[in-house]
Structure formats: C-alpha cells, structure tokens
Amino acid sequence: MDMLSALFQESYFTVFNYSGDKSEFAVMNCSQEFDADFTFVLFPWVKKLGLKPEEIGLKLGEYLLNNNSISGYFVVKGFFNFTLHDNFWMDEIYRIHKLKTNELVVQTDTPLKYLVEYCSPNTNKPLHLGHIRNILLGWSLSNILKAIGHRVETTQVINDRGVAICKSMLAWKKFSNGETPESTGIKPDHFVGDYYVLFDKKLNEEYLSWQNSDEGKTILKNLLGQYVNSLNSDPSVNDEKITSDLFKKYKNDYFNTYSVLGKEVREMLLKWENHDQETRLLWKKMNDWVYLGFNESFKKLNVSFDYIYYESNTYLLGKDIVELGLNKGVFYQLPDRSVWVNLEDVGLDNKIVLRSDGTSVYITQDLGTIKQRYERHHSDKYIYIVADEQDYHFKVLFETVKKLGEPYAHNLYHCSYGMVDLPTGKMKSREGTVVDADDLIAEVIHEATSMAEERGEIAALPKEQKDKICTDIALAALKYFILKVSYKKRMIFDPKESVDMQGHTGPYIVNAYVRIQSILRKATFSIDLNVPAKISRPERNLIRSMNTYDKILFEAADSFDPAHLANYLYQLAKDFHKYYHDHRILNAETAELINFRLMICENVAKYLTHGMNCLGISMPDRM
RNA sequence: GGUCCCGUAGCUCAAUUGGAUAGAGCAACUGCCUUCUAAGCAGUAGGUUACACGUUCGAACCGUGUCGGGAUCACCA
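When we follow numbering that gives the first Met the number 0, the leftmost residue of the first sequence carries the number 0, and every step to the right adds one.
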C-alpha cells in the first residue's frame, strides 16, 4: 500500500508536474462490487489540477499502463480502479511462503521500551469480568507492541492494603471459627471474598438494628426532614423510596461515626499501619490466599506479569515529590498544612495532594509510583490500562506531573477502556450481580466441551489432548468476544453470547485454521514453487488482505486497540471459509493448482496464527 | 450544576480515520453434507446512522445547537 502511494506520488510528478507529500496519495482496497485490486480517489485532484476526474484518470491510467506498473484500470465516477500484474501477486505468495512466523511483520524503525500496567486488583475479592477485559487488553496490546519490534515490560500494582482488606480480615477474625480454604475446599481468593461479603452483611444487620434504637431513630428523623426538603417535594417519590434512599446515602456516614464494626475496622487499619504483629500476620495469611487464587486465574487465562508491585510497599511514596512541588512553587499549602495543586489553567480544579495530617491520598501515591517506575524501568512510554471511570484522576495526575516538569511527563498514557455492563444493567458487587472470572471461564469450557462431544470430531483423541483443545476453543470464544469490541466503548456482555461458537466468534477463526491444518495433514506432496496460469479474484483478495497485515498491527498499536486486529482476522477467516467452500484444494484440476492453493492455505494459516497469538489466543490443530 | 464519554438493523458490534449502494454476527425464514472438518457456505427480511442546521465534489465520521443515556467532580482508593 505504501509502495502504491509512492507510485502515485511519482506518477503525479511526471504526468502533472505535481509534487506532494506521500500522505496525499492514499490508496484503498477496491470495493467488492468491482473486479479490480485497488482504488485511488480522484475527487480531491479536480480542484488541485483543474481537470475533470475522467481526464485525470485517463492520463494517469495510460501512463501507468505504458510504464507497465499496472495491468489494467477503469474509472467509475471519481474512482480510479486498477489491477496489478499477476506476477506481483505471485511474488507476494512466494515471499510470504518463505517467511518464518517471526519474520512475518515489518519491524518499527523507532523501537521503544514500553511499560504496560494492567489488571491491578484489590485483594479483598476475586477477579471479575471487568478484570478480564482489562487483562485481555493489556496482554494483547503488549503482544502487538512486541510483534512490531518494541520492547515491552508488563506490571501490575496490587492494592493489598486499606479499609476494604481490613473488612475481610475482621470478618474472618470474628466469624470464621478458624476455617481456611483448605478446610472448606473453596478457592482461596473466593474464600477471602466471601468474608468481605459477610462483613457487609453483618454491617447491614448492625445498621438495621441501630435504626431502631433511640439514638438511630432521632438522628434519622432529623436527616429525613432535611432530605425531604432538599428534594423539593417531587410527588412521584413516595415515603418508602425516600427512606430507602436515605438509608443508602447515610450508610457510609454511619460506618464512620456510629458503627461498632466500623470502629473495629479503623482500629485494625491503624494497627496494620503501626506494624502490629498479629494484624500483619493475619493480613499476610489472607493476602497469600488471595494470591494463590489469582495466580490460578492468571494461569487459566494464560497471562503473566514481569513486575508486580504491592501498594503496601509503595503507599508511602510520593511525599518527596510533594516537597519538591512546594519548593518549586507548583503546589501551595493551606494554613491547616494540607497541600494543593491548582489546575484551573488546564480546565481542572484545585486538587489536594497531601492531607492536613501529612498522610498520603491516592494521587500522592501515584505521583510516587510514576517516579519509581521511571527510575527503575527507564521506559519510553508508560501505559496505564485503567477503566474510564478514572479519566478525571489520570488527567489530574498527568497534568500535575507536567507542572512538575518531570522528564517522563509527556510519556504517560491512560488507556481508558469502557466498563462492562450486563444486559440487566451495571455490575454491582454489593447486589451480587458481578460475573465472576473463574465461574465464567468454567462455563465457557463446559460449553465448548459439550459442543465438541456432540460433533465427535476429536472423540478418538486421548482425554488430556481433548481437554486442551476444548480449553483453547473456550478461551478463543471468551477472549475474542471481549477483544472484538473497541476498547474505548462501554460494552454489554451477555454471558449467553460469550459461549457462542458460531458466526463472528473466536472459534470461527480457529476453525479456518483447523481446516487448513486438516488439509495439510492430508497433503501427499510437498510444496514446490511453480507458476500457475492465473490467479483468481478471491485469491488476489486473500493475498491483498495478508499484504495489509502490517498496517493493521501498526494501527492497533498506535491506537492501543486490539479490536482492529480482531476484526481483521475475522474478515480473513471469512474470506478463507468462502474460498475453501468454492475451491477444491487437494483435488484441484492440475498439480500446479494443488501446489498453488496449498501455498495460499499455508500463508493464511500463518497470519491467522500470528494474529490470534497476538490476541492471546492459542490455536489448536483440530477441533 | 461543571467537565468528559456515548447514541448506527429487534439485539451485540463494524465501517480501511472524510469516499462508491452504511457492513457482519445473533435472533427469524429458505436452501447446501456420498466430495479436503457443516463450529462451514449461499440466500430472504431488517436503516431517515437520535434530531436539526452548517462546512464540501462527497458526512455515521468535522462544527454548532437540541434531545436521550452514562461516567466523574471526597483530606475514599
């Protein structure tokens, strides 16, 4: 494609004495409805050259034809459609056929070092669907960047401290009777998560009985009065709704002021911060359970991390930066000793960066960890894969770093992905509507297994091999289902559809590959480079697609979006399925044709494997 | 209320970054397995791209406004 742009650039200079930037000469694939390889749009040139589209097309076409650069052309309206010589496409087939997988992609001429952060869970509950989207994006983006020649390190910061973790710790301490994951047989991260849920349940019970106590009644009555006034008496709201709204709103305040459990949690957090031995031991024990469970989930998803940071080690970082900011005059201090940054000049507000008691807030830590990353990794680009609910936080963070004039200030990227919703609405952990990662994976594997049994294609294989294939197919379905959607968009996840294996799905693409493998197993003679008489339109289109693979990968890398690649692979698989249906391969008419078609098949398989592997999907040979 | 994001077939998503008659899958209906794996192929039906102006050879895409939905705006993380 790039080569074609150059061709038009050169032709314009010769024919019209026009010299322009290469980017002015964009060439596209010709639309399916015409029998041509590529299209060059003439409209923009009508004004620039002062000629009619037909005249431009004619002059251009005759020149290119005489030059032997193209084999034919025709102009429809303002579109210059043209076709390249067969030997160009044949050369492409040979070239691709000779390439090894790691040579398939053109390498970037500006290789950089990336640090990609993704996943970053809390240790109070197991991974859910939101983490899965995050993980798949991070993993496949890293693969894509590596594929085009960048160096990539991956990392996650585990949020292993704070109030939430103390809640599950307290619940376990009070209500577990010493139960463990081993004694109950529950997956350890789920085990801990169950105590987090239990805490909330116990808190609700406590809150409810407090509401009926004299103290509670008086306070809530007062609040109710104020609240009803503030509602401006909307007639559609009934008393019950008002009370339940208030109940929800006030719960947090209750937790912080009247709750006995709340008090115990805060005491526990304080003990933790003061390195109380018993608390730290409990904390370590429960977190270790969670890591055991997380690692099992990561392994199932077939992802890993190069560097793991723990918030318990980094949460005190950043205070030196606050000091630096104050000295530089970038931050200011109020009389109560809290420290702030004014971001009004970039359209944001004043944000606190250090509390009046001198302790850190979220952004203090992040300022610290960014700097630590820079010092330890010296990457060229730092990518944070974090949901779009944190857009504001990252804007503030990055602008603050810019104001500080840090050397890495312009190398920070928030890859902000849309949250995952269910057909029934938002996922809410409190209401138990969260789709658990492990449950989901188990469900797709179950579905893939029963589909495979129905088909019977792999029935004769040993169990171990069958299980591996079914797992691959299941993960292909799940991963592709999520990655095919552009990451910026909020997506609706229907668990029923995620186990679909027909149509625009991962298994559909795997199937194209499996069909090729099946043919290759049956092929009796080895491929040898002979020239066949003619390349058909479907074949030209297949090669043309493979020829644009580089461009797709670079696009995906530039936009941080694996969905470009996912959709490309579907199109390639679709074209192949049709080709397979319309053309006999092993019993084609002549030996040359068999040879030729086998080459095409092998080439397609190469790209499908490479692309799917970039998405983090492994390809079985049979299904 | 301020800021940001989104609105495409009944549903879930695309659209080569401003190009030809807006495409797929699912769901519905109809065909194709004695031939390389039917997790496949072909077909029917489904659209005022939320709405209105504007920019230009050309707009789902850019601009302005309206309507609708979401996120966020803690001395929480």
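The reader is advised that the hints may include incorrect statements.
Cβ-Cβ distance ranges computed for the label pairs, FRET-style [unchecked claim]: (1) L57 to D420: 25 to 35 Å; (2) M2 to S428: 27 to 37 Å; (3) G455 to D581: 34 to 44 Å; (4) T100 to K248: 51 to 61 Å; (5) G417 to N221: 39 to 49 Å; (6) L333 to N273: 20 to 30 Å; (7) L57 to N301: 53 to 63 Å; (8) H576 to N251: 50 to 60 Å; (9) S208 to N294: 32 to 42 Å; (10) T109 to V75: 37 to 47 Å.
Once the Cα atoms are required to be at most 20 Å apart in a straight line, the calculated SDA-like pairs of lysine to any residue come out as [stated by the list, open to error]: (11) K76 to T109; (12) K327 to K270; (13) K58 to E32; (14) K51 to Q31; (15) K250 to A163; (16) K573 to M545; (17) K270 to T313; (18) K145 to V162; (19) K488 to H376; (20) K427 to Y93; (21) K298 to K488; (22) K380 to T109; (23) K483 to R429; (24) K284 to Y309; (25) K487 to D390; (26) K220 to L245; (27) K533 to K550; (28) K299 to I440; (29) K401 to Y309; (30) K550 to L6; (31) K250 to R429; (32) K425 to K327.
These are computed hints drawn from the structure, not numbers from a lab. Using N, Cα and C, we set each Cβ at its ideal position, and we do this for glycine too.
Hints, one by one, checked against the model:
1. As the Cβ distance of L57 to D420 is approximately 54 Å, the hint placing it in 25 to 35 Å is violated.
2. The supplied range of 27 to 37 Å is broken by M2 and S428, whose beta-carbon atoms lie about 53 Å from each other.
3. Between G455 and D581, the C-beta spacing of about 26 Å breaks the proposed range 34 to 44 Å.
4. A C-beta distance of roughly 57 Å is found between T100 and K248, which places it inside the suggested range of 51 to 61 Å.
5. Checked against the given bound of 39 to 49 Å, the beta carbons of G417 and N221, roughly 41 Å apart, stay inside it.
6. Against the hinted window of 20 to 30 Å, the Cβ-Cβ separation of L333 and N273 comes to about 28 Å, which satisfies the hint.
7. Taken as a hint, the range 53 to 63 Å holds for the pair L57 and N301, whose Cβ atoms sit roughly 56 Å apart.
8. Look at H576 against N251: about 55 Å separates their beta carbons, and that is inside 50 to 60 Å.
9. Between S208 and N294 the C-beta distance comes to about 40 Å, which sits within the given range of 32 to 42 Å.
10. Separated by about 39 Å at the C-beta atoms, T109 and V75 satisfy the suggested range of 37 to 47 Å.
11. Restraint check for K76 and T109: not satisfied, since their Cα atoms lie roughly 40 Å apart, outside the 20 Å limit.
12. Straight-line distance between C-alpha atoms of K327 and K270 comes to about 36 Å, which puts the hinted pair past the 20 Å bound.
13. For the suggested pair K58 and E32, the alpha carbons sit about 24 Å apart, so the restraint of at most 20 Å is broken.
14. Taking the CA atoms of K51 and Q31, the gap is near 25 Å; set against the 20 Å cutoff, the hint is violated.
15. Restraint check: the Cα-Cα separation between K250 and A163 comes to about 15 Å, which is no more than 20 Å; the hinted pair holds.
16. Annotation: proposed proximity of K573 to M545 holds, straight-line Cα distance about 13 Å (limit 20 Å).
17. For the proposed pair K270 and T313, the alpha carbon gap of about 18 Å is at most 20 Å, so the pair holds.
18. The suggested pairing of K145 with V162 is violated, with an alpha-carbon distance near 38 Å, which exceeds 20 Å.
19. For the hint linking K488 to H376, the alpha-carbon distance of about 31 Å lies beyond 20 Å, and the restraint is violated.
20. Taking the CA atoms of K427 and Y93, the gap is about 54 Å. The hint is violated against a cut of 20 Å.
21. Taking the CA atoms of K298 and K488, the gap is near 27 Å; set against the 20 Å cutoff, the hint is violated.
22. With a C-alpha separation of about 13 Å, the suggested pairing of K380 with T109 holds against the 20 Å cut-off.
23. The suggested pairing of K483 with R429 is violated, with an alpha-carbon distance near 29 Å, which exceeds 20 Å.
24. Restraint check for K284 and Y309: the C-alpha separation of about 15 Å stays at or below 20 Å, so the hint holds.
25. Distance restraint check for K487 and D390: the Cα-Cα separation of roughly 12 Å lies within the 20 Å cut-off, and the hinted pair is therefore satisfied.
26. Restraint check for K220 and L245: satisfied, since their Cα atoms lie roughly 11 Å apart, inside the 20 Å limit.
27. Distance restraint check for K533 and K550: the Cα-Cα separation of roughly 27 Å exceeds the 20 Å cut-off, and the hinted pair is therefore not satisfied.
28. With a CA separation close to 8 Å, the supplied pair K299 and I440 stays within the 20 Å bound.
29. Pair hint K401 plus Y309 does not hold up; C-alpha atoms about 25 Å apart against a cutoff of 20 Å.
30. About 18 Å separates the Cα atoms of K550 and L6, which keeps this hinted pair within 20 Å; it holds.
31. The straight-line distance between the Cα atoms of K250 and R429 is roughly 13 Å, inside the 20 Å bound, and the hint therefore holds.
32. With a C-alpha separation of about 44 Å, the suggested pairing of K425 with K327 is violated against the 20 Å cut-off.
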